[in-house]
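Trainee: As a plain string of letters, each chain reads:
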Amino acid sequence: MGKRTIIPFGPQHPVLPEPIHLDLVLEDETVVEAIPSIGYIHRGLEKLCEIKDFNQMVYVVERICGICSFGHGWGAVASMEGAMGVQVPERAEYLRTILHELGRVHSHLLWLGLLADGFGFESLFNHCWRIRETVLDLFEKNTGGRVVFSICKVGGMRKDISNENLKEMQEVMNGLKAEIKEVTDVFINDASVKNRMTGVGVLTKEEAEELCAVGPMARASGVPQDIRMTDNHGVYGKLGFEPVLEEAGDCMARTVVRIREVFQSIDLISKAIDQIPDGPVDMKVPNKIEGEYITRMEQPRGEAFYYVKGGGTKFLKRMRVRTPTNMNIPAMVKTLAGADLADVPMLVLTIDPCISCTER
Amino acid sequence: MSERVFVEQNFETVDLSQLIAKVGDMKAGGYRLGQICGVVLDDDTYEIIYTFDKGHQLYNLRLDIKIGEEVESITGIYWPAFIYENEIHDLFGVQFNHSALDYQGKFFKISEETPWKPKK
Amino acid sequence: MSAYVTKSPWVVHYDGSSCNGCDIEVLACLTPMYDVERFGIINCGNPKHADVFLVTGSVNEQNKGIVKQIYEQMPEPKVVVAIGICACSGGIFKDCYNVLGGVDQVIPVDAYVPGCAARPEAIIDAVVKGLGVLQAKREAMLNKVEKVEEVEEVVEDAVEEPAEEVAEEVKSEGGEE
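Protein chains in written order, with our numbering: chain A, 67 to 426; chain B, 178 to 297; chain C, 368 to 544.
Note that these hints are calculated values from the structure, not bench results. Wrong hints could be hidden among the right ones.
Okay, the calculated bits of chain B under chain A, using three or more residues with CB under 8 Å as the criterion [as the list claims (entries may be wrong)]:
id, segment
1, 211-224
2, 230-239
3, 250-259
4, 276-284
Computed list of lysine to aspartate or glutamate pairs in EDC-like fashion (alpha-carbon distance at most 16 Å, straight line) [unchecked claim]:
id, chain 1, residue 1, chain 2, residue 2
5, B, 231, A, 272
6, A, 337, A, 308
7, B, 286, C, 428
8, A, 383, B, 224
9, A, 337, A, 237
10, B, 199, B, 189
11, B, 204, A, 275
12, A, 354, A, 119
13, A, 400, A, 276
14, C, 461, A, 116
15, A, 383, A, 356
16, B, 204, A, 273
17, B, 283, C, 428
18, A, 233, A, 344
19, B, 231, A, 275
20, A, 219, A, 348
21, B, 296, A, 116
22, B, 204, A, 276
23, B, 204, A, 272
24, A, 113, B, 290
25, A, 383, B, 219
26, B, 231, A, 276
27, B, 283, A, 89
28, B, 199, B, 249
29, B, 243, B, 192
30, B, 231, B, 185
31, C, 431, B, 289
32, B, 294, B, 241
33, B, 294, A, 116
34, A, 271, A, 313
35, A, 113, B, 289
36, A, 225, A, 348
37, A, 113, C, 462
38, A, 243, A, 199
39, A, 354, A, 116
40, B, 231, B, 202
Virtual Cβ for every residue (Gly too), placed ideally from N, Cα, C.
Turn these sequences into a full structure, and let the hints guide you.
Mentor: What follows is the structure, encoded as structure tokens:
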């Protein structure tokens, strides 16, 4: 056994937009063990449910994460609507699905950019983010916000999106496909990118199941695990959803899954806009919550849990969110063991860590 | 308008002595650990909810404990549970015994100790 | 030589306990749509290279020391910009048990950018305003102004009225001793 060295990684590190700390135990250049420690951005926002009523809690939950903000808002209202036993108007469900998929496109493009930056391909990073701005413009036009929208509320949507705007959105997104393809082809075909990612950080199907990985991390290892396959999540059942699967389980596979999901999301948006019915987007709901309800959402990073427990008043007794990164940290720790030190940033990035989600 | 399909809410109450056997059964049945969540019921009772998933169907185990009671760790069965157990330890002050990866209260470094624990 | 520091300020970014919203907007500033590199601004990972410190999110017990350490490692003169309402005051998370409040609880802040999330235009405007403060601090250093009040005066003169189209607030916190 060689001499062991412990190298601290983070919390302030050039590849990390967010603080996570890893103690990397090294033998020469090889990682033997990685010990994660978190808590740098723990805010304790779940406890705010004691002083904010359930309508206000939606705003708080949306601010768990600025990237999958819409999905968190939807998850929170879906769990509260579940506890109340209400069915929101169909148009609202369609609008939520459309915005959620739009959020996935923006999140995956953002991640592809960060990944490119992680392996030192800065122009690719800039191209990904340039394309992403088009998606943000659509958000801004239709909801008023670029990052946090607060358009989802218990009982439906705060405002409708007109059919003309939806048609425009459909055109813009379909037009974006060619541009995205140009960029994503570089990830798939470029020799230097392949070199960095193929065969690096392999997570087998058995390991993914054993470590309870979720989202693109699990799907890249061939585990068909996507909440959008179930019929109680938005209108995915009506859109004919099939999960994107890859078999290799390495960094490349995780990238390819996300690239294919970008195109899939654009198709889903297009289909949903073709099918969307007219009608109201909002309904009256009780102003108190009783009972408990667990629901799940497929966020860009994977499956997220929302648990609410009402106390018969407008205040919740407990609002619990379990986010995808939480469940992917064990898998990340597993893939880190045995990796080269120079590959650590790549491995950390390919789980698409969202630390503010993890710590809430 | 189509009817909303609600997520099936399967809850089963277990007690401390059954926990490990029950969780072992879930593992043998091919379930995946979804999450563990702590809830404050009243001034001296916590509820810990273990959620499992198989084929997108949820199954929950509900465990009621008195504050101060110690719980057997399930990290021997589901290793990823260490994240939740350390979190509940740091936020609620529940002691998990025989954990495979115990951070000894250093998982979340927070200004206030066990902020969720009811103040007497 | 004094004229050049504001022509190419380097920034270092730290995420306090932000939700990512402001972080991705800070990064968006660096990309082709907003392109702060036209002001000579480069994002660097090393605090010892940096002139401007961008902080997003509020401070807590855990990252207090890190924020302070990054600030102390930066060479004089330096400017701190608090981005987003959380960095200004704690925002929606003000009442959380693990949040101390705005960044100014730990280090002096020169420019505040409100908003949830702060818009890229506002961030750019604040950084450019911060450069005025940087220049003033530099001049004060070069002229060896010893009295603190004089430094404050110079700094205050440097901060103009905020641009109207962008809802942002610039406050000066005075010079360093």
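Trainee: Confirm or reject each hint.
Mentor: Hints versus structure:
1. 211-224: Since 5 is at least three, the answer is holds.
2. 230-239: Contact hint for the segment 230-239 of chain B vs chain A: holds, 3 residues under 8 Å.
3. 250-259: holds (count 4)
4. 276-284: n = 3 at 8 Å, threshold three: holds.
5. B:231 / A:272: holds, 15 Å
6. A:337 / A:308: Roughly 14 Å separates the two Cα atoms, so the pair holds.
7. B:286 / C:428: The given pair, whose Cα atoms are some 8 Å apart, holds under the 16 Å limit.
8. A:383 / B:224: holds, 12 Å
9. A:337 / A:237: Answer holds: residue 337 of chain A to residue 237 of chain A is near 12 Å, not above 16 Å.
10. B:199 / B:189: Holds: residue 199 of chain B and residue 189 of chain B sit about 10 Å apart, inside 16 Å.
11. B:204 / A:275: Cα-Cα ~11 Å, so holds.
12. A:354 / A:119: holds, 9 Å
13. A:400 / A:276: holds, 11 Å
14. C:461 / A:116: Measuring from Cα to Cα gives roughly 14 Å; hence the hint holds.
15. A:383 / A:356: Given that 16 Å is the threshold and the Cα spacing comes to 10 Å, the pair holds.
16. B:204 / A:273: holds, 14 Å
17. B:283 / C:428: Answer holds: residue 283 of chain B to residue 428 of chain C is near 13 Å, not above 16 Å.
18. A:233 / A:344: It holds: about 14 Å lies between the C-alpha atoms, which stays within 16 Å.
19. B:231 / A:275: holds, 11 Å
20. A:219 / A:348: holds, 9 Å
21. B:296 / A:116: holds, 14 Å
22. B:204 / A:276: holds, 10 Å
23. B:204 / A:272: holds, 14 Å
24. A:113 / B:290: holds, 14 Å
25. A:383 / B:219: Satisfied, since the Cα-Cα distance of roughly 10 Å is no more than 16 Å.
26. B:231 / A:276: It holds: about 13 Å lies between the C-alpha atoms, which stays within 16 Å.
27. B:283 / A:89: Cα-Cα ~14 Å, so holds.
28. B:199 / B:249: holds, 12 Å
29. B:243 / B:192: holds, 11 Å
30. B:231 / B:185: This hinted pair holds, its Cα atoms lying about 13 Å apart.
31. C:431 / B:289: holds, 15 Å
32. B:294 / B:241: holds, 15 Å
33. B:294 / A:116: Holds. Residue 294 of chain B to residue 116 of chain A sits at ~14 Å (cutoff 16 Å).
34. A:271 / A:313: Holds, at roughly 8 Å.
35. A:113 / B:289: Holds, at about 13 Å.
36. A:225 / A:348: holds, 8 Å
37. A:113 / C:462: OK: residue 113 of chain A and residue 462 of chain C at ~9 Å, within 16 Å.
38. A:243 / A:199: holds, 14 Å
39. A:354 / A:116: Answer holds: residue 354 of chain A to residue 116 of chain A is near 14 Å, not above 16 Å.
40. B:231 / B:202: Roughly 13 Å separates the two Cα atoms, so the pair holds.
When the structure is compared with the earlier hints, no violation turns up for any of them.
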